[in-house]
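Chains as they are written, first to last, in UniProt numbering: chain A, 1 to 327; chain B, 1 to 220.
Just to be clear, a hint being listed does not mean it is correct.
Ranges between beta-carbon positions, derived for each pair [stated by the list, open to error]: (1) A:Phe187 to B:Ala102: 20 to 28 angstroms; (2) B:Asn48 to A:Leu71: 51 to 59 angstroms; (3) A:Gly265 to B:Leu201: 34 to 42 angstroms; (4) B:Phe140 to A:Leu182: 39 to 47 angstroms; (5) B:Leu201 to A:Leu273: 27 to 35 angstroms; (6) B:Leu201 to A:Phe178: 22 to 30 angstroms; (7) B:Gly141 to A:Leu182: 29 to 37 angstroms; (8) B:Gly60 to A:Arg72: 49 to 57 angstroms.
I should point out that these hints are in silico values taken from the structure, not numbers from a laboratory. Where is the CB? At the ideal position from N, CA and C, for every residue including glycine.
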Amino acid sequence: GTADWGGFEDNMQGGGSAVIDMENMDDTSGSSFEDMGEMHQRMKEEEEEEAEGEAGAAEEEDGEFLGMKGLRGQLGRQVADQMWQVGKRQASKAFSLYANIDILRPYFDVEPVQVRTRLLESMIPVKMINFPQKIAGELYGPLMLVFTLVAILLHGMKTSDTIIREGTLMGTAIGTCFGYWLGVSSFIYFLAYLCNAQITMVQMLSLLGYGLFGHCITLFVTYNIHFHSLFYIFWLVVGGLSTLRMVAVLVSRTVGHTQRLILCGTLAALHMLFLLYLHFAYHKVVEGILDTLEGPNMPPFQRVARDIPVVSNAVLNTTAKAVALTL
Amino acid sequence: RQYGGYEYSQQSGFIPPEMMQQQPYTGQIYQPTQTYTPTSAQSFYGSNFEDEPPLLEELGINFDHIWQKTLTVLHPLKVADGSIMNETDLAGPMVFCLAFGATLLLAGKIQFGYVYGISAIGCLGMFCLLNLMSMTGVSFGCVASVLGYCLLPMILLSTFAIVFSLQGVMGIILTAGIIGWCSFSASKIFISALAMEGQQLLVAYPCALLYGVFALISVF
Chain A
1 GTADWGGFED NMQGGGSAVI DMENMDDTSG SSFEDMGEMH QRMKEEEEEE
51 AEGEAGAAEE EDGEFLGMKG LRGQLGRQVA DQMWQVGKRQ ASKAFSLYAN
101 IDILRPYFDV EPVQVRTRLL ESMIPVKMIN FPQKIAGELY GPLMLVFTLV
151 AILLHGMKTS DTIIREGTLM GTAIGTCFGY WLGVSSFIYF LAYLCNAQIT
201 MVQMLSLLGY GLFGHCITLF VTYNIHFHSL FYIFWLVVGG LSTLRMVAVL
251 VSRTVGHTQR LILCGTLAAL HMLFLLYLHF AYHKVVEGIL DTLEGPNMPP
301 FQRVARDIPV VSNAVLNTTA KAVALTL
Chain B
1 RQYGGYEYSQ QSGFIPPEMM QQQPYTGQIY QPTQTYTPTS AQSFYGSNFE
51 DEPPLLEELG INFDHIWQKT LTVLHPLKVA DGSIMNETDL AGPMVFCLAF
101 GATLLLAGKI QFGYVYGISA IGCLGMFCLL NLMSMTGVSF GCVASVLGYC
151 LLPMILLSTF AIVFSLQGVM GIILTAGIIG WCSFSASKIF ISALAMEGQQ
201 LLVAYPCALL YGVFALISVF
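The following block holds chain B by itself, in its conformation from the complex (with noise of 0.2 angstroms):
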């Protein structure tokens, strides 16, 4: 796999160091740099600090696919591609579930472990349920993904529970909107990524049940 152009050399060269000697004095003896630049014939560090690839393309966090899947969960009426989910990335839902603990917080419940929790289990069976449901398996990481994705709404509705109290009326007709639209987005990527036509409904009920438990420590 190519990280943006750059090949990892196969030989890694160590150059003699006779070879660094033979090199004239140009006088630039101010500018190290200069004489690591691979332009002379076999002068090829193994691990160049300038050839390495960026960070986060090493690490895999790619900005624009997480945007794009963003956008996907955000606009419900929006077709979803399939193949955005075929790189597993956990690092979109970490940063939502940060950001839903954050805004709890801000609301005065310290429910950190509750939200690690409730998403540890509710992946393993929304795993194990799309396994049985579905012709092609699907890998947890996928599962994790798409659920971690999905829970930005909610991140919506927690950060409105810091000013106003959801048990009214209104709140209860917010809650079960968001908690609606957080599944269906989950089960709009779901379909279209392991190609379950006409069972949408059957996916969204698990994913409204799990998005209703997180709505209920946002509520309460």
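This is chain A alone, in the form it adopts within the complex (with noise of 0.2 angstroms):
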């Protein structure tokens, strides 16, 4: 109520909170009508006396030449600056509230166990999808997530001695993995609201966030064991797996056919090609591949042979193929 004037600033020096208390907000710049009345008003009088002190200064011209004009010049100083001081107070209070770091905050609350138990849990896709699942609106994960990717990306680029023409290595894996984490959010929030799904923009980043956790593993493992039916195992297990579980959660929260067919068709087809995708072009690959897939069309970028050290590679390489042979 208008007891509360201090409210707003009280907030603020508590600390821990980042929810702004709108109705304890300081009352004389809380809406830009009564500012503009205020000064309005002030205008008005001002305009009076400048009124009156024409009408004075028109009988005494010469003496009080300068003086008038003094006068004068001081109020419309007076006048700019008390809109310089208006418009700096809207601008502060607008900055503190849209660009205050503090909104994200709640979602970066989180302790390693709820971290370790969500990244479990992101690979086993759920039963009941009739009940809608709950998502945990997190943001710590999932950035986390992506750039581990960023690193394995990284890592994957320097041992296969990848040179990319247009740009920078660092450049580029960044802008993979976060314009992935964030486009298909946002494209599959859209669809979502299309489709009448119930999810939120934060829910949807931390569903994707923590689906990229099988992508980490797979180019993991396979960025090191150069393996290609491996990687296909790979991809359609862990990949299937944290795929299945995204799009369980999302029916669960969508209504009718079509709606589901739409979302989660989209969604499956996006998350596995990426993993197809970030295997394939930031990793040195056979030759016979290349050639069948790509034909006469020269990739984006050039690949170099590199030098196998031969003793750590063959013994990978020995070490999965008896793994193999023995399941």
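Quick one: dock chain against chain with the hints and give me the complex.
The structure is reproduced here in structure tokens:
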């Protein structure tokens, strides 16, 4: 109410809370209408003063000339000053409201156990799709997973001596991963809005971010053990599991067969294709596969054959073969 | 703030030349500094050369603290004192970044630009993340200072890379160990300075990613 004029500042100094109590905002600058009303009133009063001053000065011209001009100039400056103050106050209030990084604070309030649980759960598809599944609206885990994916991509590019002609390695990796996370989240959110699915933007970001966990595992393993059939197995199993989980959660929150089909089909296609793209685009590929897939088209960036250190790679490959045989 | 016990006099006194001329000639014409000593009653110039604090103190470079912080980083099991990070000290981190770039140079990789760029962006990212995760905020200088100090083990890695190649299995194990050491120390200092118990792993992981990028520069 009107008694709590200092309430806004108290909230800011309170520290931990990210919630801004709107009703405690300082009333004098809360509404621009009131401000303009104040300004208008003041300007009217100043105009009246000016008018009186003018009427008086018209009788005494000579001696008062400079004084009159000085008075008008001073009034003009005061008015300009007032407008500047009001504008500045408005801008700083708007800035502290919208650019406040504290808005994101609740999404980073997690514990290691929670993060670990959510990581493991992201690989387990839920069975119950008739009941809306809970999605944790948390941004720490997804952000770390995107950065991990960037690091894995960089590592893969460095080990395979990929040369990016237009741009830098770091820029490409960051652009790809963040672009996928933010872009596909927004796109699916838009589709969800069209298909009447119950999901918010933060939940979508969180869901897709945790879905990248499967991508991280797959790429980490297959960038180091160069086995094509191994990659396909990982792509189907690991990628498939994380996609199934995301799809199941979305299905549980959508009504109607057509809508479910559109939403989940799009998400599944994009997610699986992204993993395929990451593997083939940023890693040394056996020459034969390249030729069959791309034919006469030049790849966008050049691959340089690298000297594989004979010992370590052979050891890894034989180990993988032995493991595959025993399975 | 006192510099080593010296105080700047509030009254920048200007001693009128007559006072000097009134002193009797004592035959010490070849020791002009004696006339400047503040033994006589108000003869105290505002900025005497001898009364200025030492240069290092004025710059805020305190070698003892730098050494303390370095030891805290180098002993991963030593308990960190939260108060040592109260003063932002960027001299030590600057020296460590230059040393890192220099050891890379010795291995034939001229990548000072990468080092500075990655450390700037990494510090910015950690600053945003720590501000979001901690109850009390943290200043950018503090984050830059801690991350810079914990770069020290990475210098050991790049020194090793001058002589031996890090692209074998031993290199991978050594790199992983050094990254773990750096991020463990950094997270230990952050936790004690910001009082975020139970979240050491959550702070250590982004640090590990950052130092992993540095290690990538060293290895390749």
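Hints versus structure:
The beta-carbon spacing between A:Phe187 and B:Ala102, approximately 47 angstroms, falls outside the hinted interval of 20 to 28 angstroms. Restraint check, B:Asn48 to A:Leu71: a C-beta distance of roughly 53 angstroms satisfies the suggested window 51 to 59 angstroms. For the hinted restraint 34 to 42 angstroms between A:Gly265 and B:Leu201, the CB-CB distance of approximately 37 angstroms keeps it satisfied. A hinted range of 39 to 47 angstroms is violated for the C-beta pair B:Phe140 and A:Leu182, which are about 25 angstroms apart.
The hinted window of 27 to 35 angstroms between B:Leu201 and A:Leu273 holds, with their beta carbons roughly 33 angstroms apart. A C-beta distance of roughly 24 angstroms is found between B:Leu201 and A:Phe178, which places it inside the suggested range of 22 to 30 angstroms. At roughly 30 angstroms, the beta-carbon separation of B:Gly141 and A:Leu182 lies within the given 29 to 37 angstroms, and the hint holds. The supplied range of 49 to 57 angstroms is met by B:Gly60 and A:Arg72, whose beta-carbon atoms lie about 52 angstroms from each other.
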